[in-house]
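> Input sequences plus hints: build the corresponding full structure.
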Amino acid sequence: MAHRHHHDRTPVRCRPRRPCGWASVLALLLALAACHKKHDQLVEYDVICDEMWANIDAQLQRRYNLIPNLVKVVKAQVKFEGDTLVKIAEARASATAIHLSGEDLTDPAKMEAFQQAQTRLNGSLSRLLVASERYPELRGNQAFNGLVVQLEGTENRLLRAREEYNAAVRTYNAEIRKVGGMIINDLTGRPFKPRVFFTVEAAARNAPEIDL
Amino acid sequence: VRMPIVTVMVAMAAVVPRPPSAEAGFDPPKLEGHVIDTSDLVDDHVRFRIGRDLAAFRESTGFAIVVFVTGSLAGTSIEDVAYATFRAWKIGDAGKDNGVLLLIAPEERKVRIETGKGVGGAITDLESNDIIAEIEPYLQVRDLQSAIVLGTTEIKKRLGKEIGKVVADPNAVVAPAGGDLIDETHALTDSVRADLQRELELFRKTTRRPIGMLVTGPLMEPIAKVAASRFKHWQLGARNNYDAVLLVASPADRAFFVQVGYGGARDLGEARTQAMRAKLAAARERYDLVELVHVACGQLAQLLPRLKLELPPPPPITAEQRRTRTIVIYAIFGVIGGGLLLIGILAIVSRRFRSFGTRSLDVFFVALRAVGWLIGAGRRRKEYEGGGGKSGGGGSSGDY
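Heads up: the sequence lines are chains A and B, in that order.
All the letters of the first sequence, read from the start, carry residue numbers 3 to 214 under the numbering used here.
All the letters of the second sequence, read from the start, carry residue numbers 295 to 694 under the numbering used here.
One or more of the hints may lead you astray.
[Claimed, not checked] Calculated pairs, DSBU-like style, for lysine-lysine (alpha carbon to alpha carbon, straight line, at most 30 Å):
1. K451/B - K684/B
2. K455/B - K499/B
3. K602/B - K573/B
4. K684/B - K39/A
5. K519/B - K573/B
6. K455/B - K40/A
Treat the hints as calculated values from the structure; they're not laboratory data.
Being a predicted model, the structure only gives us computed values, none of them experimental.
The structure is reproduced here in structure tokens:
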């Protein structure tokens, strides 16, 4: 009996368990590999977003640099009525005061403040361009026209940088909301936070075109 | 059996990524050369010559310039169309982003230069604006050929400068070797001389017409006669002074005369000459030479029609091209000669065996057709299909 029992037990215990063990190890490895791949993909999307943001940043900086020159030329050429020039300097100062990078881009409150500052700057820039329409001596001024051309170019580059950033954000946000991305995000302690879109309209687009 | 195929096709349509389509309805055509025209306003030979010139420029410098004359912007802004087209065509090399797109929309009377991310330093937005300002007068008179020639030349010049290469301008007008301002009185001060020369240079640059000026002493004969005889012998520029202008002034007699070559005179007509005379009257009263030349040049630039700019000269044939051409010519003559020989032999043989039919002729024609196809394949080879270049929205636009 004992002999038979012994004879019986070995195949029952060992044969199904050993494959079971291998399979689980293999499954774990596969899952790890998949997780690793998914994680790397998320990191890559995140980095692309950062790159695109750097583009926006560069164009914004370019615009900040153009504005004082524009104001200087306008001041030298004409006596502007009202406080258009003061407002534009204020708007620029408040816009340059907010500089976003890294973590800030996932913070809706910070992004909101930033976008508001940008919108205000765009508004005062548009007003300046509209007001300058009334001064023929400005429209004939070469330095002013050159600056307006550069401003228009910057606005267009900014528009493209914004489109590219938003497209990258869309991909990234969708990826971390998908099941795979969600699991990785939860497993690794939520380092991937959804980013906020950059939705400020360009200034030159809304302003009436200047007859060069 | 039919069902799964349909499902597979539907599934594939869903999976295959669609090319990035333009914003709001503009669909760029396929890129198959350096000049793409969907407006049908560009002559074939212009497209061919400029395309070949831009291909040669790309091969020698790496910069890819594409000209796109669109029939319509489909209600989209020219900035969006240029960006979408640049994206779809991927002008320039991947990583270098060294492409430039010159987009002209004759229907909407708009023009734009879109620069790749890598050439924003060689052609700044301000410089693209300058180029557009230069070609706009040609676009206004619907001279697309000159606009494209001038636009591509100016773009090439700036890109060439970036890598230290001087680009030849086939339409550049230079001052004549003997000097463009001859002062026989020796009474002009240096500053007046410089001012006059600047005016002449400006006229040359804006109109691309040769111009010269003669300041002479007291007149021995009517000023018109002096001007005509000097004009004949003064080699002002190309084409036997046909399009040239000569200004003659005699401060001693307070006389001023504008001599225009036959080409310009024919276009100027009596009415326009009168108009110019009226404008000049006040300056002639004061007799300030610089003012006189300024008014005369301004009037002439306005009243004289724009000269059509010449197409770029064909690039020199390389040794490799010459070899290929030789091989093709030998192949054609070989096939034709061999075929005729074969037919002749077969005809002789068949007279003996009475079996010469249409089949041998067929073989000959098939062979001829094959050679024709090979030649055609060389011709059909696409000039340019884009690299992997990207645009960041740089450049400038204009209305005309």
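> A separate judgement is required for each hint: does it hold in the structure or not?
Here's how the hints hold up against the structure:
| no. | hint | result |
| --- | --- | --- |
| 1 | K451/B - K684/B | holds (21 Å) |
| 2 | K455/B - K499/B | holds (19 Å) |
| 3 | K602/B - K573/B | holds (27 Å) |
| 4 | K684/B - K39/A | holds (28 Å) |
| 5 | K519/B - K573/B | holds (23 Å) |
| 6 | K455/B - K40/A | violated (47 Å) |
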